[in-house]
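My request is simple: use the sequences and hints to build the entire structure.
Residue-level listing of the chains:
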Amino acid sequence: MSSPPLDATGPQAGAPDVAGPPPSGWTARLRARTLDTMSAEDLLPDRQPAYVASWIYVFGVATLAALLVVLVTGLVLAAAGPDWWHVSGVGHFVNSLHLWSVEIFFFVMVVHLWGKFWMAAWRGHRALTWMTGVLSFLVSIGAAFTGYLIQTNLDSQWISSEAKDGINASGAGAFWNVLDVGQMMLWHVTLFPLGVGLIAVLHVLLVRRHGVVPPLEAPAALDVDAGARLDADTEGRVSLP
Amino acid sequence: MTALHLPPGAGLLDLNGDGSYLSWGVLQISWANALVIALMVILFGLALVLPFPGAPEDGGDGR
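Residue numbers (our numbering), protein chains in the order written: chain A, 1 to 241; chain B, 1 to 63.
In case anyone wonders, no lab produced these hints; they're calculated from the structure. Note that the structure is a prediction, hence the values are computed from the model and not measured. A virtual CB, placed ideally from N, CA and C, is assigned to each residue, including glycine. One or more hints might be untrue.
If you only want the chain B side, here are some residues facing chain A, beta carbon under 7 Å, derived [as the list claims (entries may be wrong)]:
| # | residue |
| --- | --- |
| 1 | Met40 |
| 2 | Leu43 |
| 3 | Phe44 |
| 4 | Ala47 |
| 5 | Phe52 |
| 6 | Ala55 |
Rendered as structure tokens:
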């Protein structure tokens with residue numbers, strides 16, 4: 001018995017088989033989980049609750065803006081190299097942009113941290129959002145530290161020679177040698193930026209999924225901006241999933 | 001170390017000298033770091049009290 005001829009207009013041409021088994025495979029599961037977790041409105045909202053109209057809510061996005069400048073100027077420095085950033089006028093300028101964007105990054109990130117701490121931003125199923133922020137802060141410190149180590153000047157020599165005793169005392173010096181410029185350079189331009197970038201993306205996605213945390217004094221009913229996915233607990237408090 | 005010869009106005013502060021520190025018992029912090037922390041505290045306080053442009057004054061949901 002021969003097989004039926006393929007028909008470009010038949011069921012195999014693209015129409016989903018609604019009566020068939022649910023889609024399998026990791027791509028289908030990931031797609032279903034992603035769409036189930038976050039809608040396009042969550043990801044790119046065009047409205048925010050009124051309580052977001054406060055200066056204390058500005059510092060998170062200010063941190064992201066500073067991080068973007070850090071990454072872009074870092075890419076330029078990596079492409080041109082130390083001879084360029086030590087000698088040329090434009091190199092000095094980009095090097096300074098990189099330094100000062102890092103300073104602003106930490107400055108506004110600390111204010112952001114204080115703001116979120118004092119409003120207990122882990123409320124309403126936002127613990128993972130808080131912890132990714134903590135993790136991002138810690139990894140950022142490593143990124144900044146290795147940046148100071150790879151300036152390739154006397155300052156970086158001084159900092160690395162001072163730091164080695166502390167790092168070695170912790171035991172980490174056995175595999176993480178702050179006197180090794182090559183190793184520190186690679187950590188600074190690959191692993192740390194990758195870590196900070198991925199954690200920051202995850203942090204922002206979690207903020208988008210659960211919505212911006214309301215102030216402590218705000219009524220619980222205001223905590224609804226991320227959509228209609230509301231859960232009310234036994235005490236009638238409303239929180240996002 | 002050879003002194004750097006910077007053009008006039010290259011920096012508001014001379015950063016090539018010895019640093020100055022605040023000491024309080026076992027605690028010690030440079031003036032520069034103390035100044036940065038103070039600025040962060042001031043900015044944090046201002047962010048709490050300054051009105052945000054365009055914010056609804058009645059505290060409504062603003063939608």
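Restraint check, 7 Å cut-off on beta carbons, for B/Phe52 near chain A | Status holds, d = 5 Å.
Proposed interface contact between B/Met40 and chain A, which counts if any beta carbon pair is under 7 Å = holds, 6 Å
Would you settle whether the hint for B/Leu43 is holds or violated, based on the nearest Cβ-Cβ distance to chain A being less than 7 Å?
-> At 6 Å from the nearest chain A Cβ, B/Leu43 passes the 7 Å test, so the hint holds.
Interface hint status, B/Ala55 versus chain A (Cβ within 7 Å) | At about 4 Å, which falls below the 7 Å cut-off, the nearest Cβ of chain A leaves the hint on B/Ala55 intact, so it holds.
Have a go at the B/Ala47 hint: is there a Cβ in chain A nearer than 7 Å to its own Cβ?
-> Hint holds; B/Ala47 Cβ to chain A Cβ min 4 Å, cut 7 Å.
Should the interface hint for B/Phe44 be scored as holding, given a Cβ-Cβ cut-off of 7 Å against chain A?
-> Holds. Min distance 5 Å.
Hint compliance for this structure: no hint is broken.
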